[in-house]
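S.K.: In order, the protein sequences belong to chains Z and A.
So the mapping is simple: my numbering equals the position in the first sequence, first residue as 1, plus 35.
So the mapping is simple: my numbering equals the position in the second sequence, first residue as 1, plus 35.
Just so you know, these hints were derived from the structure itself, not from any lab.
Do not take every clue at face value.
Heads up, the list lumps identical chains together, so a pair's fine if it works in one copy or across two of them.
Said to hold, decoys possible - With a Cα cut of at most 25 Å, we get these calculated PhoX-like pairs of lysine-lysine:
hint	residue 1	residue 2
1	K272	K330
2	K111	K37
3	K37	K292
4	K213	K111
5	K292	K330
6	K306	K111
7	K256	K292
8	K213	K123
Here are the chains, one letter per residue:
2 protein chains.
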Amino acid sequence: MKIAVMGAGAVGCYYGAMLARAGHDVTLIGRPNHVEAMNRNGLLLDFGSSQEYVSVTGDTDAVGVTGAEMVLFCVKSTDTVEAGAQIKPFISPDTIVLSLQNGVDNAERLSHVIGQPVIPVVVYVATSMGGAGHVRHHGRGELVIGPSAQSQAVADTLIPARIPVEISENAEGALWAKMILNCAYNALSAITQRPYGEIVQGVGVWDVMRNAVDECLAVAKGCGVTVPGDVWGAIEKIAETMPGQYSSTAQDLARGKPSEIDFLNGYIVRKGAELGIPTPTNLTLHALTKLQETKSA
Amino acid sequence: MKIAVMGAGAVGCYYGAMLARAGHDVTLIGRPNHVEAMNRNGLLLDFGSSQEYVSVTGDTDAVGVTGAEMVLFCVKSTDTVEAGAQIKPFISPDTIVLSLQNGVDNAERLSHVIGQPVIPVVVYVATSMGGAGHVRHHGRGELVIGPSAQSQAVADTLIPARIPVEISENAEGALWAKMILNCAYNALSAITQRPYGEIVQGVGVWDVMRNAVDECLAVAKGCGVTVPGDVWGAIEKIAETMPGQYSSTAQDLARGKPSEIDFLNGYIVRKGAELGIPTPTNLTLHALTKLQETKSA
Chain Z
36 MKIAVMGAGA
46 VGCYYGAMLA
56 RAGHDVTLIG
66 RPNHVEAMNR
76 NGLLLDFGSS
86 QEYVSVTGDT
96 DAVGVTGAEM
106 VLFCVKSTDT
116 VEAGAQIKPF
126 ISPDTIVLSL
136 QNGVDNAERL
146 SHVIGQPVIP
156 VVVYVATSMG
166 GAGHVRHHGR
176 GELVIGPSAQ
186 SQAVADTLIP
196 ARIPVEISEN
206 AEGALWAKMI
216 LNCAYNALSA
226 ITQRPYGEIV
236 QGVGVWDVMR
246 NAVDECLAVA
256 KGCGVTVPGD
266 VWGAIEKIAE
276 TMPGQYSSTA
286 QDLARGKPSE
296 IDFLNGYIVR
306 KGAELGIPTP
316 TNLTLHALTK
326 LQETKSA
Chain A
36 MKIAVMGAGA
46 VGCYYGAMLA
56 RAGHDVTLIG
66 RPNHVEAMNR
76 NGLLLDFGSS
86 QEYVSVTGDT
96 DAVGVTGAEM
106 VLFCVKSTDT
116 VEAGAQIKPF
126 ISPDTIVLSL
136 QNGVDNAERL
146 SHVIGQPVIP
156 VVVYVATSMG
166 GAGHVRHHGR
176 GELVIGPSAQ
186 SQAVADTLIP
196 ARIPVEISEN
206 AEGALWAKMI
216 LNCAYNALSA
226 ITQRPYGEIV
236 QGVGVWDVMR
246 NAVDECLAVA
256 KGCGVTVPGD
266 VWGAIEKIAE
276 TMPGQYSSTA
286 QDLARGKPSE
296 IDFLNGYIVR
306 KGAELGIPTP
316 TNLTLHALTK
326 LQETKSA
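Next comes chain Z alone, as it looks inside the complex (with noise of 0.2 Å):
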């Protein structure tokens, strides 16, 4: 199958080379840097105990996504209208997208600018780039898919390719479980610069955490989203499993790069706002980290 990849980050790469290893097609859109050493010397997909390199395409134009059966959009939620908007002339009604991205309502902003409809796609990976046309695969893989008429043929796709996919009538509320989890850690990571094992130690920590959750679950409860599984148990796991993590919103940060903070807290503030929930935890951590984004900007 032709498989484009729009956003050549380390989500974007690691489910790119996967597609790519099992015989299909792929093109990624990405940055030159990226793409330079991915046309010369294909992919290095590494997971750490093994390393291979996976013959793909880039580009760095939104033109590559042209005859994609399949475009997986793995951009930042801060450039989901941008980039969704540079591949509508390529894409045709009959193209099934994907959109693998933190946030609640990427799949739906992006349905608005490209006119058709988007799988929204929750994503359980742990990834980073290791360098140009580099990227490492740290655990996991699987992900969770929306019902949808296409979703059955992305399944049958992406599991012979060794990606674990589960079609879930939930899928939305696995989304909303995921971006609490990042309501509670991301932005107490950004804002002090430290991992997860060592802000939960700090005094109060996890009574903040705990008001950033429950304003987060009424804010759900308000959208009519049931939020499954123990959020909280797995919060508290977290910071056993990932003592020395920073999250991404902290990795942004240090780079000098905007963050997704406005699609995580900042989305449950404007929400909270909208339905008359009180949200003043995700409030001070949003604004807190706005100002510690424009400082090192």
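Fit chain A to the given chain Z structure using the hints.
M.R.: For chain A alone, coordinates are given in the frame of chain Z:
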């Protein structure tokens, strides 16, 4: 009059110098480098447009308090209990003890340690240390003191020394009003290491400050305190009149010193918990300040 100043920081040095200049016998208890400079050259009282050396006695030990008829207690809130225990052996029941400190419970805590009454004082002055034995006066200087049998005598001593004094039945409320300003600004400036004028330009920051202030006012009410004046108006004014100012908490953190945050937002959180009043914004500001404090330490 023989007067001792416990804590030769910027506030203690300023009032000590004003009293010594008016002819009183003033001893300041402080750190070795300040004490040495004061004993060598006198205390340099620097008004910007004019400077003068004032003759005082410096001492690194609380024994220097011996024989004082009045003690100005000017240590940080974090040091109240320890410094109170240090002066206790050297004061008598007749010694007038004034607490010139931030926070609202220092007079009470000090009184408990030394076993005699302490007059709470609200300090409105802008001063800073310009080096060892060198205090800079930037503006104001007036005091509001609580009522007591000795308060009139205190005023009669201070006013001729060009220290404006008002005796107020609601000195406690004035202390709260000052603390609430600190609760609005200090943590935000400390966490981000940015001055007031930049902070208030951040997304949602006025809402964060409004929430923090509303929580403080609710706790004040729960404590039976009437906060005088237009607190919110004063807060809006600070950003205009002192845009380049960093909070004392920000300065402490930048120097790797413990801050007074446990006696500002932290006090609101503790009192709120006692009274069953939610304080999520102050909790978040306090927790983040403590995280930044332990990072810089």
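S.K.: Next, verify each hint and record whether it holds.
M.R.: Against the structure, the hints come out as follows:
1. For the identical chains of this complex, K272 and K330 are inter-copy neighbours only, at 23 Å across copies versus 32 Å inside a copy, given an alpha-carbon limit of 25 Å.
2. For the identical chains of this complex, K111 and K37 are intra-copy neighbours only, at 23 Å inside a copy versus 68 Å across copies, given an alpha-carbon limit of 25 Å.
3. Proximity of K37 to K292 under the C-alpha cut-off of 25 Å is found in neither arrangement, the shortest distances being 32 Å within a copy and 60 Å between copies.
4. Taking the closest pair of Cα atoms, K213 and K111 come within 25 Å of each other only inside a single copy of the chain (15 Å); across copies the shortest separation is 43 Å, beyond that limit.
5. Taking CA atoms no more than 25 Å apart as the test, K292 paired with K330 passes in both settings, with 11 Å inside one copy and 23 Å between copies.
6. In this assembly of identical chains, the alpha carbons of K306 and K111 lie at most 25 Å apart only when taken from the same copy (20 Å versus 42 Å across copies).
7. Taking the closest pair of Cα atoms, K256 and K292 never come within 25 Å of each other, the shortest separation being 32 Å inside a single copy and 43 Å across copies.
8. For a Cα distance limit of 25 Å, the shortest separation of K213 from K123 qualifies neither inside one copy, at 28 Å, nor across copies, at 56 Å.
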